[in-house]
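Just so you know, the protein sequences line up as chains S and H, in that order. Numbered by the working numbering, the letters in the first sequence go through residues 47 to 413 in order. Numbered by the working numbering, the letters in the second sequence go through residues 30 to 530 in order.
For the record, the hints were derived by calculation from the structure and aren't laboratory data. Mixed in with the good hints, there may be bad ones.
As the list claims (entries may be wrong) - Here are the simulated DSS-like pairs of lysine-lysine, each with C-alpha atoms no more than 30 Å apart in a straight line:
hint: 1; chain 1: S; residue 1: K88; chain 2: H; residue 2: K384
hint: 2; chain 1: S; residue 1: K88; chain 2: H; residue 2: K244
hint: 3; chain 1: S; residue 1: K88; chain 2: H; residue 2: K158
hint: 4; chain 1: H; residue 1: K406; chain 2: S; residue 2: K81
hint: 5; chain 1: H; residue 1: K406; chain 2: H; residue 2: K91
hint: 6; chain 1: H; residue 1: K476; chain 2: H; residue 2: K328
What the hints assert, rightly or not - The following residues of chain H were derived to be distant from chain S, with all beta-carbon distances above 12 Å:
hint: 7; residue: R243
hint: 8; residue: L306
hint: 9; residue: R325
hint: 10; residue: D326
hint: 11; residue: F340
hint: 12; residue: D458
hint: 13; residue: T493
Where is the CB? At the ideal position from N, CA and C, for every residue including glycine.
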Amino acid sequence: MQKSSCPVRNRYATAVWNYADERLGLSELLAFAGKKQVPQHKHSFWYYWGGISLFFFLVQCLTGVLLLVYYRPGAEAYESVRQITYDIEFGWLVRSAHSWSANLMVFAVFVHMFSVFLMKAYRKPREFGWWSGLGLLGLAMVFGFSGYLLPMDELAYFATKVGLEIPMSTPVIGPFLGDLIRGGPEVGEHTVQRFFALHVVILPALFVPLLMFHLWLVQRHGNAIPPGEEAVPAAERESIPFFPNFMMKDVAMWLIALNVLALLASVYPWQLGPPANPIAPAPLGIHPEWYFMSQFQLLKVLGNWFPGITGEILGIGLFTIGGIVWAVIPLYDNDSRNGRRGRIATYIGFGAIAGLIALTAWGYWVL
Amino acid sequence: MNYPVWDVPIIGSGWVIGMIAIFHVMISHFAIGGGIYLPFAEARALKRGRKDWLEFLPRHSKFFLILTGVYGAVSGVGIWFAIGLAAPEATSTLIHNFVFGWAIEWVFFLIELSTAAVYYYTWNRIPDKLHLKVGWLYAGTSIMTLVIINGILTFMLTPGESWLAVAGTGKESAHFFQAFFNPTYWPSLFLRTLVCLSLAAVWALVTGSLINGRKQPELKTEVIRFSTKWLLPAFFLMPPCFVWYLLMVPESQRALLELGISTIGAGTFTQVTRMVLVSIMTSATILGVVYFIAYRDPKTFRVGYACAVVFLALAATGSTEQAREMLRKPYVVVDHMYSNAVRKTPVNVNGEAIKEVDRFNRDGYLTNSIWATEQEKAAWAQWDRQREAAQVVNASTDEQPAAPNVTPEILRRGELMFRGQCMACHTTDGYRAMRGFLNERDLQSIKNILGMLHGYEETSPYRTYMPPLVGTEQEIEALAIYLDNMVNGTQAQTENVASAQ
Numbered sequence: 047m048q049k050s051s052c053p054v055r056n057r058y059a060t061a062v063w064n065y066a067d068e069r070l071g072l073s074e075l076l077a078f079a080g081k082k083q084v085p086q087h088k089h090s091f092w093y094y095w096g097g098i099s100l101f102f103f104l105v106q107c108l109t110g111v112l113l114l115v116y117y118r119p120g121a122e123a124y125e126s127v128r129q130i131t132y133d134i135e136f137g138w139l140v141r142s143a144h145s146w147s148a149n150l151m152v153f154a155v156f157v158h159m160f161s162v163f164l165m166k167a168y169r170k171p172r173e174f175g176w177w178s179g180l181g182l183l184g185l186a187m188v189f190g191f192s193g194y195l196l197p198m199d200e201l202a203y204f205a206t207k208v209g210l211e212i213p214m215s216t217p218v219i220g221p222f223l224g225d226l227i228r229g230g231p232e233v234g235e236h237t238v239q240r241f242f243a244l245h246v247v248i249l250p251a252l253f254v255p256l257l258m259f260h261l262w263l264v265q266r267h268g269n270a271i272p273p274g275e276e277a278v279p280a281a282e283r284e285s286i287p288f289f290p291n292f293m294m295k296d297v298a299m300w301l302i303a304l305n306v307l308a309l310l311a312s313v314y315p316w317q318l319g320p321p322a323n324p325i326a327p328a329p330l331g332i333h334p335e336w337y338f339m340s341q342f343q344l345l346k347v348l349g350n351w352f353p354g355i356t357g358e359i360l361g362i363g364l365f366t367i368g369g370i371v372w373a374v375i376p377l378y379d380n381d382s383r384n385g386r387r388g389r390i391a392t393y394i395g396f397g398a399i400a401g402l403i404a405l406t407a408w409g410y411w412v413l
Numbered sequence: 030m031n032y033p034v035w036d037v038p039i040i041g042s043g044w045v046i047g048m049i050a051i052f053h054v055m056i057s058h059f060a061i062g063g064g065i066y067l068p069f070a071e072a073r074a075l076k077r078g079r080k081d082w083l084e085f086l087p088r089h090s091k092f093f094l095i096l097t098g099v100y101g102a103v104s105g106v107g108i109w110f111a112i113g114l115a116a117p118e119a120t121s122t123l124i125h126n127f128v129f130g131w132a133i134e135w136v137f138f139l140i141e142l143s144t145a146a147v148y149y150y151t152w153n154r155i156p157d158k159l160h161l162k163v164g165w166l167y168a169g170t171s172i173m174t175l176v177i178i179n180g181i182l183t184f185m186l187t188p189g190e191s192w193l194a195v196a197g198t199g200k201e202s203a204h205f206f207q208a209f210f211n212p213t214y215w216p217s218l219f220l221r222t223l224v225c226l227s228l229a230a231v232w233a234l235v236t237g238s239l240i241n242g243r244k245q246p247e248l249k250t251e252v253i254r255f256s257t258k259w260l261l262p263a264f265f266l267m268p269p270c271f272v273w274y275l276l277m278v279p280e281s282q283r284a285l286l287e288l289g290i291s292t293i294g295a296g297t298f299t300q301v302t303r304m305v306l307v308s309i310m311t312s313a314t315i316l317g318v319v320y321f322i323a324y325r326d327p328k329t330f331r332v333g334y335a336c337a338v339v340f341l342a343l344a345a346t347g348s349t350e351q352a353r354e355m356l357r358k359p360y361v362v363v364d365h366m367y368s369n370a371v372r373k374t375p376v377n378v379n380g381e382a383i384k385e386v387d388r389f390n391r392d393g394y395l396t397n398s399i400w401a402t403e404q405e406k407a408a409w410a411q412w413d414r415q416r417e418a419a420q421v422v423n424a425s426t427d428e429q430p431a432a433p434n435v436t437p438e439i440l441r442r443g444e445l446m447f448r449g450q451c452m453a454c455h456t457t458d459g460y461r462a463m464r465g466f467l468n469e470r471d472l473q474s475i476k477n478i479l480g481m482l483h484g485y486e487e488t489s490p491y492r493t494y495m496p497p498l499v500g501t502e503q504e505i506e507a508l509a510i511y512l513d514n515m516v517n518g519t520q521a522q523t524e525n526v527a528s529a530q
């Protein structure tokens, strides 16, 4: 009799497994998952951040679907979120979990991106992994931006107005972009409708296939070894199979991530401010979400130093150049033998981290 | 009330105690659990003739000695130093009742520290059996420190009817044992013992993770799996012990938790319930995380993973300690002393039992304050006469009293009321910020809230977690003016008045 590939040693489980395996080819999937080895070294901690990002995305999907049951876009947006937060049993928890996990997901994606960058995991043959990852980060930020307006409270309204200044500062097409996004000259119920469609239909339709592509690439090429570990002789390098060993540890990290999320959602539940009032003055210190703060601050500073369109062109130009450099880094530093290029790329990475943190902190400091 | 007030901006004095205490609990409970773990593991290794274990255990005992002997001891003293500053009246009550208990604890503490050092420095220098006896002596004395301190800690939540009956009469020390073996003593002792065993596992995972899994796979697997099993007693026995503990908590305090549980769905549940939930969740997660990353794959268990487990244990400890502290609201010693250091039980003054709340309301909270000058007190008396006269005139004409004349002396009076009765729990801008709580309220609205706290009616919604606000009508009004100035005046005004004094 042929030996079963069932991962559980139990008579009944094996019988069920064999039944499903014959029809679905589960053992092939298992072999594919077990083929990938995850290197074990002092920087292995950073391998978890992709999984943690994925976990928060799954929480987003689950809580997002639950919010969809009660949320009503358009003129009733605020009232429906008020009901979710204060009237519906556990609505506050679902909304808090959704909002906190959105922030935690963006944070985890940032950590994942910088760890990939500094471990040189964008080098050949992983360039498409890097580009698809950048695409996912961009979509995650648009997810965050579009979702922030949906409660239509005072803070969401004015933060969206402020946030829209970034695309609107694009020379020539800026005003057109602004009208297109808003659905009119001002942020209003049409904007909520557009953001809602973007948030629950268009973005998921783009995000999910791109995520699948990204995960397939990770499975295909495996985890990269950082340059420091490449110097270790191959015989001395340690690794563990992705399935089930690394997967077990991943589950443990997900449990920790769930704890952090539950702690934030229950101890610091997401509040709802007063309804948006377009004719009221903007509250003091209004600002976009933390992950847009560095861009916002840079635009503000350049606007002060170079008043008028010069500052705007300079700001948008810097973002564009920065984004292009960040995206093409795998083409510049494409081989582990590129000592000098590798070092320059590392400096760029640390410079980007320092710049983002400094500008964000500066932005909050001067609020 | 004449003790200095410890003004800790942003976090408040309570969090200074909290931050020291949470880390201290992590270490002090390890000092007991780890003290049992070491001789137990040593005896096991000797019995099995395991040289590799006997090479690992000295490394673990070195880590144990440094962590408990240095950080544990320093943070323990730090707690008492901090509570002496943050809650001097309550600390004084504890010292007056338990000085004998503390003296005994210090005897055991000295033996504990000495034997811990002897245990580490005599590895392979004295006969194995004698070394093991030193280990067990350490374990015994460390358990005794818990046996004693547990009585003092639980007293604050459940001082017991016997002690409360004599509180304020000067005969409290005659009821030492009743106060010591109070209603929550035994469930708390069991709970803390289980925590000790769990923390023995958590910290042993740290040193276990440092074993080279490639060179000593068998040892690493055994040490990690042996250590993880020390978590099991806690996870099986903690739930029934916790229920036992809750059943012994006074109904009035348990109501705070029950109120929170019944309002979870609406999201308005109390802070203490939130903390209990976090505590249960993080504790359960530790078992899951340890199973997945340590027990299932011990050879690749690295120090980073061990740190993640320590982090979870820290979250569990922090939330549990905070929940335990908040369960006492609005008291610092339940049914005896409120969190603003005002006693609920009558005080014996010249043979007469007087309630402090009534005395302060009649004679004034600041009448005998040493923090106000005679000139200030004279200005307050003059202001009081003006306010009383205005009220008499207005009572005859049915009009509202004229707005009070705000002078620096009155703001100072309000500030002293704030420092004496609010600052034990509240800050101006940080933790439990008054500016946040009173935001968008005007003077009348602040007066209404203070009136409710002062009246302390049975139906008052604040009664479950706020102490009574004591003082004369004019003192309460001065506090309202001070708070109004803090919230609605400019910050500079309030600070200028404070600094000018």
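Hint-by-hint comparison with the structure:
no., hint, verdict
1, S:K88 x H:K384, "violated, 64 Å"
2, S:K88 x H:K244, "holds, 17 Å"
3, S:K88 x H:K158, "violated, 40 Å"
4, H:K406 x S:K81, "violated, 83 Å"
5, H:K406 x H:K91, "violated, 60 Å"
6, H:K476 x H:K328, "violated, 65 Å"
7, R243, "violated, 7 Å"
8, L306, "violated, 6 Å"
9, R325, "violated, 5 Å"
10, D326, "violated, 5 Å"
11, F340, "violated, 8 Å"
12, D458, "holds, 15 Å"
13, T493, "holds, 20 Å"
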